[in-house]
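Top to bottom, those sequences are chains A and B. All residue numbers for the first sequence refer to this note's numbering, where the first residue is 3 and numbers rise by one. All residue numbers for the second sequence refer to this note's numbering, where the first residue is 29 and numbers rise by one.
To be clear, the hints were calculated from the coordinates, so they are not data collected in a lab. Only a predicted model underlies this, so the values are computations on that prediction, with no experimental measurement involved. Heads up, some of the hints might be wrong.
[Claimed, not checked] Pairs of lysine-lysine residues, derived as DSSO-like cross-links and limited to a Cα-Cα distance of at most 30 Å, are as follows:
1. A:K295 to A:K311
2. B:K125 to A:K338
3. B:K155 to A:K338
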Amino acid sequence: MAAPSLIPLNPVRGVSDYDLLFDCVHCGLCAEACPTYIVTRCEMDSPRGRIYLMKSLAEGRMGLDDDAVRHFDLCPGCRGCETACPSGVHYGRLIEGARLLVEQNHRRSFVDRFKRRAIGAIFPYPHRLRMLLAPLKLVDRFGLRPVLGAVLPRMIHDWLDLLPPLEPDLRPLAAKATIAPRTDAPAVVVHRGCVAQVLANSENLNSERLLGAAGYRVVQLEPTSCCGALDLHSGNGSRARDFARANVRALKNAGADAIVSAASGCSVAIAEYGDLLKDEPEFAEDARAVSSKVRDLSSLLLDAPARPKREFRCRVTYHDACHLVHGLGVREAPRKLLASIPGVTIVEMTESELCCGSAGSYNLTEPAMARDLARRKADNIIAAGADYVVLANPGCEFQIAAELRRRGSKIKVVHLADFLAMASQ
Amino acid sequence: MSTSTIDRKLLDELREILGADGIVSRATELKVYECDGWTVEKSAPDVLLLPRSTAQLSAILAALHRRGIAFVPRGAGTGLSGGCLSLNAPAMICTSKMNRILEIDFDNRRVEAESGVVNLHVTNAVKSKGYFYAPDPSSQVACTIGGNIAENSGGPHTLKYGVTTNHVLALEVVLPDGEVVELGGPAEERCGYDLVGAVVGAEGTAGIVTRATLKLMREPENHRTLLAAFPDADTATRAVSMIIASGIVPAALEMMDQLIIRAVEEAFNVGLPLDAGAVLIIELEGLEAGLTTYADEVAKTANLAGASSVRLARDEAERALLWKARKRAFGAVGRLAPNYATQDGVVPRTCLPRILRVIAEVSRRYDLRIGNVFHAGDGNLHPIILYDEREPDQVRRAIDAGREILKACIDMGGSLTGEHGIGVEKLGEMPLMFSPDDLRVMTELRHVFDPMERSNPGKVIPQPGACVEVAAPRRQVPI
Ligand SMILES: Cc1cc2nc3c(=O)[nH]c(=O)nc-3n(C[C@H](O)[C@H](O)[C@H](O)COP(=O)(O)OP(=O)(O)OC[C@H]3O[C@@H](n4cnc5c(N)ncnc54)[C@H](O)[C@@H]3O)c2cc1C
Ligand code: SF4
Ligand code: SF4
């Protein structure tokens, strides 16, 4: 049995923020809000368990071993625990700290290193991703993806499975605003993201057009670089800060009153620049200002004067993308917006706030757990009996659509911006 | 008590029964199982077993029995008295994978569930038909039915509906040697000895509960939820007695003092009056006809007692917010201090003002902040003592302060625990309340279920001959 151990006077700095660990009072009320706990039903895959591991590491009561790393890796960073926690634990910051520690002190297996390097080298750079996908586009044109999948190694095959069809984008675009907005109308910038602008640009364009039609002045961001969330969630703090600085500069220059993104993970990353760059005198103030301007598409559209809408008869279930609901606390606005379309009936699915397993690049690095979560999400969606699943994050869209495709389901998965565009056609 | 340990052969046997994902034996992973909500003491088991069925559980208990190995049951680990601390019990058995609701029988108003089902999930499964499971501990989003049964848990609505034992009709229990027994039955009225009653509240010392048949209650037609603010805790507690004396029995009658109000406001922004010394949440329920009259009456009584304001929750959303604040108050306290220890004493309702004065005095003398949030209607106190585990002296003071408060409760004719159990936390105080003869009889009763004391050893009943004044907690990490 464990011998009594002591809390060292000098906790190991660098394992998360030691003082922040004490926000957790070990009550356990977060367990059932945690997707990985729900699947494995083990404490080390619960928020409380992970925080306990961080604390034990910080106190030198254990060393960083493969087991600890595995349980940190298995966390998709959905932040369901932040919503559930009555004690106000900043879990997002804690896990980011733990991930940094892991990357600096732990040697991963070759395959793992390869995967992570590939993701980090390609995803944040739209031109690289486009280049890589060009041949696949051709394959898709001839409907040959299944053939390709069959001859490629398992891992690549699984990754391909998650990609949406790359045929020329058939998603409808909202009509452009016909009246120019008043010059004193609030200015909004849509951050187009990295992967999103390659794989789901209709969501960006539709967000802009819907905002324009609602009377906002849409300003463009030049240049757009990755928000840094991918790096932050994989323990690459220095590049995350590089991206953050570039974005702070660009967003400040754009001079917008509000910043939105079709990808909720990007929104949250931008909303946390203030925190990320707080120790850099040159950027701290601008970063805080930029962060305070982050809004979500649905709230902005609801704030604008309502205009008559066309009828669009269908049953819709809404999936709460993790970072939108747990990061920005946006729950009601998208539902209200959907309900305001005549003919739309909203049917709630169970566990709408539970992570679907997409979580940035999580479905590529932790495919087994991601798949378990996707299955659970698909079960709940199918049980709700809707024609459409609407959500506000491209990652969730690909993940859920892939799972529904595998099931042969006819339910369509559509981003909120695309759905609103479609409903207004 | 067992001293045998777990060897490779036994591990293989257990793995054979449970499958690879039903057993955890690596030190890093076991570490997170070294304590529950009572974090003062820590001790990890040597192996964690996660059965999925009664058959698996029975097989592993039989295997442990053959080797004479002791075990500790665990549900969600939200216990506040160290009930699932692994003390001289190398094996921990967690019911988290036994979480199926087996049968819902609306006609006879009962539900059969495995013991690892989360309390709130029972209500979630039946609420669409207008039913609910009444015991509602504040930890209900996470704690399990098995844990509730072991601790005989209550909640805010205990005042009207009673505690867990009033809602359990039948149990399936696996005894420490692996034998599966059925206790009680579906009928409300039973004859013979109440064996279900003996297992409820036994804190896991009578084997492991695997299934329970629970009563369902019909949702009342309507509610009225009032928030009354008072200048100080004294006035609030006097109001409690006056309300009950007026003949109205609210469904719930909860109090929060100023420290808690501030923590809760910071966390949830429910609009509690920050300048109040204490607030009462008073819930009335029943048929719509008459509710308004009762609510008026309660408001009048509260005003008479000295309330500075009384407010009625306007709608369901506001009511839900008030309850969210109340139920998550413990957690919100985490915002005030790195650690807290929750006490759980009971006093006769009329002694509430007196005990609160004692608590305030203890708080001053030990130089520790103590908040109060509790089931005032039942006289069930929950002083929350704030401390910082990094300061050994504070930990010791917190323990002593808690002990002194409990002793005062007993002196006023109350009890050591209303709902959180004895666990290891209050072992030392048991002799304050029970004579050696009482404790011997309890031990004999336990032996009927667990003759070798292998099920959750070292809990509830202090070892005979052990020093009554347990001065230092076992295995305490910070000191
Ligand atoms: C924030 C917070 C608020 C709380 N509020 C309340 C409250 O309002 N009212 C209240 O009564 N309690 C409350 N508690 C205490 C705790 O939640 C209850 O005691 C609960 O019943 C414990 O359930 P659990 O599943 O977490 O059990 P655990 O903590 O895992 O175990 C508790 C005890 O039960 C035993 N046990 C568990 N499962 C079984 C089983 N299947 N068979 C036999 N023995 C078993 C364990 O050995 C242990 O002794 C609160 C706790 C917290 C953290
Ligand atoms: S993270 Fe929050 S909810 Fe979870 S155990 Fe810690 S304090 Fe409790
Ligand atoms: S972020 Fe999500 S998966 Fe990770 S611990 Fe919190 S709830 Fe669990």
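Item to check | Proposed proximity, A:K338 with B:K125 (alpha carbon, max 30 Å) | outcome: Not OK: B:K125 and A:K338 at ~37 Å, beyond 30 Å, violated.
Checklist entry - Quick one, are A:K295 and A:K311 close enough, alpha carbons at most 30 Å? => result Roughly 28 Å between the alpha carbons, so the hint for A:K295 and A:K311 holds.
Checklist entry - Between B:K155 and A:K338, does the CA-CA distance stay at or below 30 Å? => result 25 Å, holds
The structure is inconsistent with hint 2 alone, although it conforms to all the rest.
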